[in-house]
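Number of protein chains: 2
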Amino acid sequence: MAIPKKKDFLVEKIRRYLEPGPTVLVSSSWRGRTDIMTMGWHMMMEFSPALVGCVISESNHSFRMIRRSRECVINIPTTALTDIVVKIGNTSGDEIDKFAEFGLTPVEASKVSAPLIGECHANFECRLKDDTLVRKYNFFIFEVVKAHVAPRPKIPRTLHYTGDGIFMTSGRSINRRKMFLPEMLKP
Amino acid sequence: MAIPKKKDFLVEKIRRYLEPGPTVLVSSSWRGRTDIMTMGWHMMMEFSPALVGCVISESNHSFRMIRRSRECVINIPTTALTDIVVKIGNTSGDEIDKFAEFGLTPVEASKVSAPLIGECHANFECRLKDDTLVRKYNFFIFEVVKAHVAPRPKIPRTLHYTGDGIFMTSGRSINRRKMFLPEMLKP
Chain A
1 MAIPKKKDFL VEKIRRYLEP GPTVLVSSSW RGRTDIMTMG WHMMMEFSPA LVGCVISESN
61 HSFRMIRRSR ECVINIPTTA LTDIVVKIGN TSGDEIDKFA EFGLTPVEAS KVSAPLIGEC
121 HANFECRLKD DTLVRKYNFF IFEVVKAHVA PRPKIPRTLH YTGDGIFMTS GRSINRRKMF
181 LPEMLKP
Chain B
1 MAIPKKKDFL VEKIRRYLEP GPTVLVSSSW RGRTDIMTMG WHMMMEFSPA LVGCVISESN
61 HSFRMIRRSR ECVINIPTTA LTDIVVKIGN TSGDEIDKFA EFGLTPVEAS KVSAPLIGEC
121 HANFECRLKD DTLVRKYNFF IFEVVKAHVA PRPKIPRTLH YTGDGIFMTS GRSINRRKMF
181 LPEMLKP
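Protein sequence lines, in the order shown, are assigned to chains A and B. Read left to right, the first sequence gives residues 1 to 187 (my numbering). Read left to right, the second sequence gives residues 1 to 187 (my numbering).
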């Protein structure tokens, strides 16, 4: 599978990729082992520092790895990875090495020990910022400390899970830039 | 503008509409006045009770109304409402009555005092469940206590904000139901 070339991307601008609500892959590492999970429950919480809230079920193998390492990478797959996204959700990192099993390429991150997934369109390196609500809701707040994004395609076709085995995919864009008040366009 | 007929919808299944990440309209009421705001930063947190996390900026007029009333309605607009979604984001409820200004129809809710927006595809009545992180991150956790959804169109064309005045809209669906493990399909 192709590994898109990526460039550094301003972390203050990652809402571009996360706010539309794509299904993402979360990679983690702990004591020499790695894992990948699919995640649909996440949101932007702040531009700068770039904060992202996520629910990671405690039943997931990644939960323990992320809680211990206090790091992860949020990777954005496109529709080219649809089947792998489903297979990653179907399996547990307790039993298999998901990078090897699904032919994905671990790429060294800059600021965290968890690997980037080379085949994804974008990779956001995250450090755990706040675990206040982990016990009650499995809710983690991460700070994105480094972002890598493929400049092409400019508008990636992303997956958006609706439950029941069905993904919506991103469609055409609507530009209403001229209607927005200038102060509403930042950042 | 058309007001779609809606049916009661199981609150345990609202991830169908929220997990794909649409831009939503939040309606609120306090002491006889109403307000509407646009919101892009939200996520599912639990199926049952149906919990939704949201960031509502304290600079928003709705912030105070929702904090005081401890209620709101999350409404899902389709692309038919694109211009109104932008205009709602450009204006403040301090200065105008957004229902009147934008020709939207307030419909009485079942369980909260905030009005539903008739023209939207779906309406989720919410009660504030947890305000632990409101002070620190403007982060509210709501429980959806009643859901209303238009059965048609089955797949609404929703708006997904990417910043910079541009919305992505929902495109075609991909069905991978047969690939999912049965236990991954609930609910």
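The reader is advised that the hints may include incorrect statements.
Same chains, same label: a pair holds when it works inside one copy or across any pair of copies.
As the list claims (entries may be wrong) - Taking lysine-lysine and the DSS-like style, the derived pairs with C-alpha atoms no more than 25 Å apart in a straight line are:
#	residue 1	residue 2
1	Lys136	Lys178
2	Lys136	Lys5
3	Lys87	Lys186
4	Lys146	Lys178
5	Lys87	Lys178
6	Lys178	Lys7
If you are wondering where the hints come from, they were derived from the structure by calculation, not from laboratory data. It should be emphasised that the depicted structure is a prediction, and the values quoted were computed from it without experimental measurement.
Hint check results:
1. Lys136 <-> Lys178: neither (43 Å within a copy, 33 Å between copies)
2. Lys136 <-> Lys5: Close neither inside one copy (39 Å) nor across copies (37 Å); limit 25 Å.
3. Lys87 <-> Lys186: This pair counts as between: shortest inter-copy Cα distance 16 Å, intra-copy 38 Å.
4. Lys146 <-> Lys178: Intra 31 Å, inter 37 Å, cutoff 25 Å: neither.
5. Lys87 <-> Lys178: between (42 Å within a copy, 12 Å between copies)
6. Lys178 <-> Lys7: The answer is neither: 29 Å in one copy and 36 Å across copies each exceed 25 Å.
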